[in-house]
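*Asks:* The primary structure of each chain is shown beneath.
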Amino acid sequence: MKSSYSIITESPAETKDFGRELAELIEIPTLVLLKGELGTGKTLIIKAAVSALGYQGDVTSPTFNLVQEYQAEVEIIHMDLYRLNSSDELLDIGFEDYLNRNAVIFIEWPELALPLIPADFIFINLEKISAEQRKITVRGEGEQSRLLIERLNKAC
Amino acid sequence: MLILGIDTSTDILGLALMDSGQLKGEYNLSLKRQHSEKLLPLIEEIFELLGVEAGDLDGIAVAVGPGSFTGLRIGITTAKVLGRIFSIPVKGISTLEIMAAGAEGEYILPLLDARRKRVYYSFYQRNGNKDNNFLKEVKKAASAGISELPQILNEYQNQEISIIGEKTAEVRELLVENNFKTRIFEAEKNLPRAAVLARLGGDYICSGQADDIYQLKPAYLKIPQAEINWQQKYGSK
Numbered sequence: 001m002k003s004s005y006s007i008i009t010e011s012p013a014e015t016k017d018f019g020r021e022l023a024e025l026i027e028i029p030t031l032v033l034l035k036g037e038l039g040t041g042k043t044l045i046i047k048a049a050v051s052a053l054g055y056q057g058d059v060t061s062p063t064f065n066l067v068q069e070y071q072a073e074v075e076i077i078h079m080d081l082y083r084l085n086s087s088d089e090l091l092d093i094g095f096e097d098y099l100n101r102n103a104v105i106f107i108e109w110p111e112l113a114l115p116l117i118p119a120d121f122i123f124i125n126l127e128k129i130s131a132e133q134r135k136i137t138v139r140g141e142g143e144q145s146r147l148l149i150e151r152l153n154k155a156c
Numbered sequence: 001m002l003i004l005g006i007d008t009s010t011d012i013l014g015l016a017l018m019d020s021g022q023l024k025g026e027y028n029l030s031l032k033r034q035h036s037e038k039l040l041p042l043i044e045e046i047f048e049l050l051g052v053e054a055g056d057l058d059g060i061a062v063a064v065g066p067g068s069f070t071g072l073r074i075g076i077t078t079a080k081v082l083g084r085i086f087s088i089p090v091k092g093i094s095t096l097e098i099m100a101a102g103a104e105g106e107y108i109l110p111l112l113d114a115r116r117k118r119v120y121y122s123f124y125q126r127n128g129n130k131d132n133n134f135l136k137e138v139k140k141a142a143s144a145g146i147s148e149l150p151q152i153l154n155e156y157q158n159q160e161i162s163i164i165g166e167k168t169a170e171v172r173e174l175l176v177e178n179n180f181k182t183r184i185f186e187a188e189k190n191l192p193r194a195a196v197l198a199r200l201g202g203d204y205i206c207s208g209q210a211d212d213i214y215q216l217k218p219a220y221l222k223i224p225q226a227e228i229n230w231q232q233k234y235g236s237k
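Chains as they are written, first to last, in full-length UniProt numbering: chain A, 1 to 156; chain B, 1 to 237.
So here's chain A without its partners, still in its complex pose (with noise of 0.2 Å):
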């Protein structure tokens, strides 16, 4: 068994697809963690995960604010971490409550939520490799993410 999943994507409509694949194939509640340099498509595949899941309305890093909330037919629980500086500013906006809600939640710049996660996530690693190309790594901890590794490699 496989314990990761890559796959490069051509051009930003490709980016988009995987992200309408990832919405297909994850299970909920689950945690989905972006890592990825500024411009790599992080934004890209949540909004297209996040309207794959059934939300229509407009999507953009919670850079400053944060956090940021969608309710579609599922609650899903957006946030940008970038500008905070350590894991403790996360305890401040009540980081852990989120995790325990009943949602799809996506991480942006998750460096910092590292040390307060459970065994169990989906973690996305965006690398660019030309202006257009990019590579998409998935790994992760616990069930979730391995039956989403099986399920991608399953669909290729």
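Keep in mind the hints are simulated off the structure, nothing from the lab.
Be careful, since some hints might not be right.
[To be verified] Now the in silico label distances, taken between C-beta atoms and shown as ranges:
#1 LYS139(B) <-> THR63(A): 42 to 52 Å
#2 ASN100(A) <-> GLU155(B): 27 to 37 Å
#3 GLU53(B) <-> GLU73(A): 43 to 53 Å
#4 ASN100(A) <-> SER87(B): 31 to 41 Å
#5 ILE85(B) <-> ASP97(A): 19 to 29 Å
#6 GLY94(A) <-> LYS189(B): 23 to 33 Å
#7 ASN127(B) <-> ILE28(A): 40 to 50 Å
#8 ALA187(B) <-> GLU10(A): 49 to 59 Å
#9 GLY142(A) <-> LYS189(B): 27 to 37 Å
#10 ASP17(A) <-> ARG183(B): 50 to 60 Å
#11 SER36(B) <-> PHE64(A): 48 to 58 Å
#12 ASN100(A) <-> GLY235(B): 19 to 29 Å
#13 GLN34(B) <-> PHE64(A): 25 to 35 Å
#14 ALA155(A) <-> ALA187(B): 40 to 50 Å
Being a predicted model, the structure only gives us computed values, none of them experimental.
Where is the CB? At the ideal position from N, CA and C, for every residue including glycine.
Since the structure of chain A is already known, use the hints to place chain B on it.
*Replies:* Just chain B now, kept in the frame of chain A:
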């Protein structure tokens, strides 16, 4: 001695007024995530209904968790402010101890759901202290996978264990499978009751065990070490 008990540590908002061993009234309201809006109006309401004024209080008991971070802060902050304004003692009490003190039995296992098949637990013995009537904390509050509980409690396999709180059915099933003797409680008992908190708070304050309000903090259980090493694996490129 008039004690106000405040519990915002779980989904149930608990408020109780206990006057020298006599319960004047209590609320145990299932108000998911509305504690911040509801706590102060409800305190006002219970005071008004019972003809009490904040200045009549002789002490405050407050649940300190484990529980929701935002919820805990609301209750604890309110308790501290009241304690400071009226110069009365404040006692913080573990939500697990409140549940255990409200249950019968010699060995008591209070549980709170920590999600993802984990629980916060502690383990109490009712008559374990020689010089006082408080429960003895035989195993300190911690979090554990539900499947680890039989191992954690293995030396108590021959005792009847009272299981109270959340995830009780699941935990009971597992313990029974592992040849433990257990009992559980009906719904009206299976919660941290505000009256129990106020009673315990009064007892602790009377025995000189009030807290320093500047030191009192939420009993915030840390995630076990084994789970927090993601930094190395996922933090760098």
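*Asks:* State for each hint whether it applies.
*Replies:* Hints versus structure:
1. LYS139(B) <-> THR63(A): 42 to 52 Å: The hint (42 to 52 Å, Cβ to Cβ) holds, given that LYS139(B) and THR63(A) are roughly 44 Å apart.
2. ASN100(A) <-> GLU155(B): 27 to 37 Å: holds (32 Å)
3. GLU53(B) <-> GLU73(A): 43 to 53 Å: Once the Cβ atoms are compared, 48 Å apart, the range 43 to 53 Å for GLU73(A) and GLU53(B) holds.
4. ASN100(A) <-> SER87(B): 31 to 41 Å: Taking Cβ atoms as reference, ASN100(A) and SER87(B) lie about 37 Å apart, which means the hint holds.
5. ILE85(B) <-> ASP97(A): 19 to 29 Å: Between ILE85(B) and ASP97(A), where Cβ atoms are some 28 Å apart, the hint holds.
6. GLY94(A) <-> LYS189(B): 23 to 33 Å: holds (30 Å)
7. ASN127(B) <-> ILE28(A): 40 to 50 Å: With Cβ atoms ~46 Å apart, the hint holds.
8. ALA187(B) <-> GLU10(A): 49 to 59 Å: holds (58 Å)
9. GLY142(A) <-> LYS189(B): 27 to 37 Å: holds (34 Å)
10. ASP17(A) <-> ARG183(B): 50 to 60 Å: With a Cβ separation near 55 Å, ASP17(A) and ARG183(B) satisfy 50 to 60 Å, so the hint holds.
11. SER36(B) <-> PHE64(A): 48 to 58 Å: Given a distance of about 23 Å, which is not inside 48 to 58 Å, the answer is violated.
12. ASN100(A) <-> GLY235(B): 19 to 29 Å: holds (23 Å)
13. GLN34(B) <-> PHE64(A): 25 to 35 Å: holds (26 Å)
14. ALA155(A) <-> ALA187(B): 40 to 50 Å: For ALA155(A) and ALA187(B) the Cβ distance comes to about 45 Å; the hint holds.
Checked against the numbered hints above, the structure breaks only hint 11 and satisfies the rest.
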